[in-house]
Amino acid sequence: MTDRRETWLLLAPGLLLLALGFLLPIARMLALSVDGPDGFTLSAFARFFQDGYYPSILWRTVWLASIITAICAVIGFPMAYIMARCNPTLRLWLVMLVILPLMTSVVIRTFGWMVLLSRSGLVSRTIRDMGFGGRSFQLMQTETAIVIGMVQVLLPFMVLSLMGVIGRLDPRLEEAARTMGCTFLGTMRSVVLPLAVPGLVAGSLLVFTLAASSFVTPSLLGGARLEVLAGAVYKNVTQTLDWNFAAAQATILFAGIALILVPYLRLGGNRHG
Amino acid sequence: MVKAVPLWLRAAAVVFLLLLATFLLAPLVVVVGVSVSESQFVVFPPQGFTLRWYENALSSQAYVDAFKLSGLLAILVTLSATIIGGAAAIGISRFRKPGGALETVFLSPLVLPSIIFAIGLLMLWSAVFGPTSFLTLWIAHTVVAIPYVVRTTLAVLAESDPFLEEAARTMGANRLQRLWFVTLPQCRPGLVAGAFFAFNISFDEAVLSLFLRTPRLTTLPVHIYGQLEFSPDPTVAAVSTLMILITIALMLVLDRTLGLTRFASA
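Here the protein sequences line up with chains A and B, keeping their order. Residue numbers 1 to 273, in the numbering used here, belong to the letters of the first sequence in order. Residue numbers 1 to 266, in the numbering used here, belong to the letters of the second sequence in order.
Derived from the structure by calculation, the hints contain no laboratory data. It is possible that part of the hints are untrue.
Simulated restraints, written as ranges between beta carbons of each label pair [unchecked claim]:
| no. | chain 1 | residue 1 | chain 2 | residue 2 | range |
| --- | --- | --- | --- | --- | --- |
| 1 | A | Cys182 | B | Ala11 | 13 to 23 Å |
| 2 | B | Arg256 | A | Pro171 | 24 to 34 Å |
| 3 | B | Ala127 | A | Pro194 | 49 to 59 Å |
| 4 | A | Arg5 | B | Ile83 | 14 to 24 Å |
| 5 | B | Ser39 | A | Arg225 | 25 to 35 Å |
| 6 | A | Leu195 | B | Ser133 | 45 to 55 Å |
| 7 | A | Thr126 | B | Val14 | 17 to 27 Å |
| 8 | A | Ala27 | B | Ile75 | 27 to 37 Å |
| 9 | A | Leu16 | B | Gly71 | 53 to 63 Å |
| 10 | B | Gly48 | A | Val262 | 50 to 60 Å |
| 11 | B | Ala158 | A | Met130 | 47 to 57 Å |
| 12 | A | Leu23 | B | Leu72 | 40 to 50 Å |
| 13 | B | Arg52 | A | Phe132 | 53 to 63 Å |
Derived list of chain B stretches under chain A, where covered just means 3 residues or more per stretch with a C-beta under 8 Å from a C-beta of chain A [to be verified]:
| no. | segment |
| --- | --- |
| 14 | 45 to 53 |
| 15 | 68 to 74 |
| 16 | 103 to 112 |
| 17 | 133 to 142 |
| 18 | 167 to 177 |
| 19 | 207 to 219 |
| 20 | 234 to 243 |
If you're wondering where the values come from, they're calculated on a predicted model, not measured in any experiment. Glycine residues also receive a C-beta, built at the ideal position from the N, C-alpha and C atoms.
Start from the sequences, fold in the hints, and give me the full structure.
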């Protein structure tokens, strides 16, 4: 046996599993989206765009994912910077703070938000007591609830992406900028931020993809009225059992995500998140 | 560097971190609070203290069955993902160029949202084998857990000394001996960390399990999801708290084996 043979022997079980258990199912899903009783058809896609209902779901999905990504970037950047530059003890605590929610089941985190945002929940009640909103004001089943819940779920991905990049920056670059008279915030803007762009882009693409394709948090916090694309897929698979239509919706989601993921993989995004 | 940060900004950073900690931990704290509250409704802040809901959960057949299913599944996924992913990582590391196409292939289940893969697997399985089974879930969870094992193992191997294996070879060790006595011990921290991640991924996974569920194939997260859709009660909170405790335990072990900070920036 040669070294080469041994290497491929080590890779074989994984490649086989990925081919049969990962690539083949995706191919099957794509095939089913254009499959009808008389062979090839685009009727499922035509149905998606024939009236305003599904395009509005698509639009809501993109819109919410954009807001969630923007908020994650704005909160994630300072957090990642602090984590990259603070002392090791504080860093360990902050890493735990970021990883604990990441490792907790999404179902449980969403449950926590359901309790806080419901009509009798702490957050909704506080907002009412402060005099905002009507007497029946609640955050549950609003787009705000979806955004709050999703930002908490996805912020860790953004922070970890950024921390990897900022941690590798040479602190002397910042010192050089400071000695030449730049203020701290000026250094942030003209030195750290431009150099952290790869991490910011990789993190944003990852967060956007995950936000656009999640349905557990949106369906529990947003309710049936505020449907998103992934939720529509789930409903079609489990309730209406219209698999061709579900496959077409998933294909639309897949196409959008593929457009985003190709540049992500080019950026070497697999090193982060 | 940090010395030169203006005072007001340092104060702002402290406030920022405190707010962020509150935001990130709030849902978890709330769930724990609800689970010990005496009220039979889901309320926070908790009223009084009781362990009644834990008793409730442990005496509920549905929860115990779901827990057994999730536990068995997670253990099997840990084994399969660690063996297959570990072997793959050793294979990938033998190629000169790191981060090549092979690595991208093995990490792709991590990047592609699992809903797309979930619906495809359900459709393929139904067409070829009929109703989904435990085996379907096992395969599905293994596929999404493998990238974690590959990544942690590759991170460890990247820092190892390639000449150790060469040395073993010149001293007459055969292939299996080199793999077993030289390569594998070097991988150990990465494999252990990857195994814990695999367990965590499988035990907490909801999307694949929701798509592949049958009445007899209901994992713990799926059962919780069902409860949340209809009638959240403090029993759900008790079960969720137990899952959070398992996660914290896994995280602490992970920090001991590989170092959390090291993994986080890997």
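Fill in: Hint numbers contradicted by this structure
9, 12, 13, 14, 15 and 18
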